[in-house]
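Chemist: Now for the letters of each chain:
6 protein chains.
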Amino acid sequence: MVSDERLSSLHLGTKNLYMSTMVKEFNDYRTRMNEVILSKDNLVIKRLWNLDTNTYAEGALDVKTKELLGLVASMVLRCDDCIKYHLGKSHELGVSTEQMYEVFAVANIVGGTIVIPHTRRAAEYWEELVNDKN
Amino acid sequence: MVSDERLSSLHLGTKNLYMSTMVKEFNDYRTRMNEVILSKDNLVIKRLWNLDTNTYAEGALDVKTKELLGLVASMVLRCDDCIKYHLGKSHELGVSTEQMYEVFAVANIVGGTIVIPHTRRAAEYWEELVNDKN
Amino acid sequence: MVSDERLSSLHLGTKNLYMSTMVKEFNDYRTRMNEVILSKDNLVIKRLWNLDTNTYAEGALDVKTKELLGLVASMVLRCDDCIKYHLGKSHELGVSTEQMYEVFAVANIVGGTIVIPHTRRAAEYWEELVNDKN
Amino acid sequence: MVSDERLSSLHLGTKNLYMSTMVKEFNDYRTRMNEVILSKDNLVIKRLWNLDTNTYAEGALDVKTKELLGLVASMVLRCDDCIKYHLGKSHELGVSTEQMYEVFAVANIVGGTIVIPHTRRAAEYWEELVNDKN
Amino acid sequence: MVSDERLSSLHLGTKNLYMSTMVKEFNDYRTRMNEVILSKDNLVIKRLWNLDTNTYAEGALDVKTKELLGLVASMVLRCDDCIKYHLGKSHELGVSTEQMYEVFAVANIVGGTIVIPHTRRAAEYWEELVNDKN
Amino acid sequence: MVSDERLSSLHLGTKNLYMSTMVKEFNDYRTRMNEVILSKDNLVIKRLWNLDTNTYAEGALDVKTKELLGLVASMVLRCDDCIKYHLGKSHELGVSTEQMYEVFAVANIVGGTIVIPHTRRAAEYWEELVNDKN
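Chains as they are written, first to last, in my numbering: chain A, 2 to 135; chain B, 2 to 135; chain C, 2 to 135; chain D, 2 to 135; chain E, 2 to 135; chain F, 2 to 135.
Hint data in this document are derived by calculation from the structure and do not stem from the laboratory.
Warning: the hint list may mix true and false statements.
One copy or two, it doesn't matter: identical chains are merged, so the pair holds either way.
[As the list claims (entries may be wrong)] Here are the computed lysine-lysine pairs in the DSBU-like style, where the Cα-Cα straight-line distance is at most 30 Å:
(1) Lys25 to Lys65
(2) Lys47 to Lys65
(3) Lys90 to Lys25
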């Protein structure tokens with residue numbers, strides 16, 4: 002799961018460079034495959050995806066709370082790509098690292114130690130997002 | 002799952018009476034069985050349960066947000082009793098019905114239509130909590 | 002889960018009467034709680050539920066195949082109420098008992114022996130649907 | 002899930018009587034529905050069920066260890082009926098209450114607090130099995 | 002998950018070449034590890050695997066419907082390798098892209114947006130299978 | 002998931018070398034990310050991780066049985082990294098290959114054929130552990 006290349010970039014202090022690659026790869030693959038899927042014109046899938054966007058819009062609950070709800074749900078269901086997506090959005094919305102780890106804590110307590118490996122990957126991606134910004 | 006007795010009490014307009022019974026039954030069973038479990042003095046279980054309480058304490062995120070995180074996690078994992086517990090806490094903390102249904106919406110979108118039956122039971126329990134108060 | 006009343010009705014050969022009660026209770030509760038939920042006007046939930054109906058409409062795959070897809074998905078996810086719903090629809094569409102048990106077999110093999118208790122409840126409900134018709 | 006009748010029997014100190022009913026109801030329903038399912042002669046289901054029995058036979062691991070493996074797997078997958086089945090078998094094989102709670106602890110840590118409601122029901126059923134014997 | 006090498010092969014229009022690699026790698030790893038596992042002569046595992054093959058044989062339901070049942074079950078349970086296996090079989094049986102996306106739609110609606118990342122990988126693999134043929 | 006490099010190392014008979022790399026990579030990534038996570042000083046996560054260690058300590062059940070309980074739970078929940086961790090510990094404790102495959106069998110029967118891909122990866126990692134030792 003972690004290539005030699007990735008490991009060595011971490012050890013050589015080229016973390017930011019590597020990190021950007023990680024976020025970029027995730028976003029690129031996501032965009033490319035979404036295009037493939039949407040090109041097939043399945044109405045149910047198209048509408049579900051629109052609805053997905055609406056779900057996290059400002060409402061009686063603010064946008065930040067909703068992203069954290071989506072994140073914790075993704076964590077206990079152990080969906081790494083869903084986690085990455087919500088980590089990205091949460092970072093854009095200004096969630097702090099301390100707040101993020103409280104979300105991680107809820108996910109670990111509710112979902113148990115099987116959530117730990119996903120927490121490791123979430124922590125890795127979060128570091129990248131935070132370090133990218135600086 | 003719904004006894005004739007329960008159905009008829011609903012139809013006869015004795016809703017509040019029935020509702021209190023539903024919350025009371027849940028809390029009574031929970032308390033009674035927790036006592037049985039804790040009486041066995043298994044250290045790991047005791048500490049996990051203490052930790053569970055700590056998880057939802059005020060921190061970088063406020064108590065209300067944390068309860069909603071616990072709730073949405075319980076909904077996508079489809080744990081009816083966990084849902085009831087967090088509905089009770091959320092109600093005490095003043096979550097509005099509109100906010101609650103936005104949490105339900107996130108759970109239904111992330112977890113899919115298999116969350117619907119749990120949403121029905123959550124909605125039933127929420128009605129009871131809200132009606133009890135009045 | 003099985004009340005004394007239910008057991009004795011089975012033993013007294015009043016199976017059909019009891020069975021109708023089982024299907025009726027499921028449908029009544031479902032209808033009543035759906036009304037409660039939809040009355041709150043949460044747009045995401047409303048749209049998701051509409052989409053749910055569209056998903057099973059005739060398309061490149063026929064309606065019967067789609068119901069069986071919904072059923073097997075509900076079985077491996079172990080959602081008893083979702084199973085009951087798709088059993089009802091499948092019965093209306095003329096699925097035979099032999100076909101139904103081949104769906105049960107796929108669910109048991111893919112999902113493992115934890116699907117067995119749900120298969121028992123599915124078999125019980127299916128008997129009721131089949132006996133009701135005669 | 003807990004009828005008034007059940008609650009009052011507990012309060013009146015008629016616990017043992019009630020307990021036997023709980024185990025008996027579970028076994029009766031299981032037997033009755035297994036007969037319905039096997040009467041349909043689906044070969045895959047029949048063979049899977051045979052295989053299920055073989056899985057827990059004495060081998061490189063002893064029977065008791067295998068039952069506990071089946072139990073902890075059932076707990077983290079949150080299958081109450083599977084849990085009851087393995088609790089019954091484990092009790093027959095002489096597992097002590099202290100050992101049982103160590104299995105519960107593993108299940109709660111690996112699977113998280115969503116396993117707690119299933120632990121409550123497991124603890125209730127275990128009490129019944131233990132009290133029945135005396 | 003997507004290496005630079007893979008990305009660049011896609012961008013260079015060497016899609017078919019890459020695609021074959023993806024299917025081939027999956028099948029090779031599967032074959033090699035199955036051999037390792039079966040060489041250990043665990044009877045339960047051997048029989049379960051035989052049974053798995055029987056499950057998808059022609060019966061009261063045709064082979065194509067059964068493959069789609071296996072596929073949708075694998076999608077909602079989010080098992081990427083199981084999905085690939087059933088995609089391969091479905092492709093051999095002549096399932097059309099339009100039909101395939103209706104299966105994807107059922108999986109996404111029943112299982113929720115956590116199924117989307119698995120749908121992306123399924124769509125990628127399906128493209129490869131379809132393009133390989135031409 | 003399996004890089005060309007990995008495949009060729011297998012084919013060239015450099016299995017032991019590759020195998021060590023696999024275990025080492027897993028342990029290195031795990032250690033590095035645990036450090037990141039623990040450096041954030043989230044009390045709930047820290048305590049949960051301590052508790053996790055306590056869970057597998059000698060008690061009324063011996064350490065080996067407890068590791069196997071953790072392993073089978075990880076297998077049915079399909080957590081590859083959790084599986085690897087418990088495989089490593091089980092190997093240290095002297096679990097034999099025959100015993101290990103009986104645990105795999107329980108996991109496959111309880112959790113169904115969706116556990117098979119995880120069994121393949123478990124078998125691969127187990128081979129590495131066993132071959133490393135010699």
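Chemist: A separate judgement is required for each hint: does it hold in the structure or not?
Modeler: Results of checking the hints against the structure:
1. Lys25 to Lys65: Within one copy only: 23 Å inside a chain, 34 Å across chains, cut-off 30 Å.
2. Lys47 to Lys65: both (25 Å within a copy, 23 Å between copies)
3. Lys90 to Lys25: within (14 Å within a copy, 33 Å between copies)
Comparing the model with each numbered hint stated earlier shows that all of them hold.
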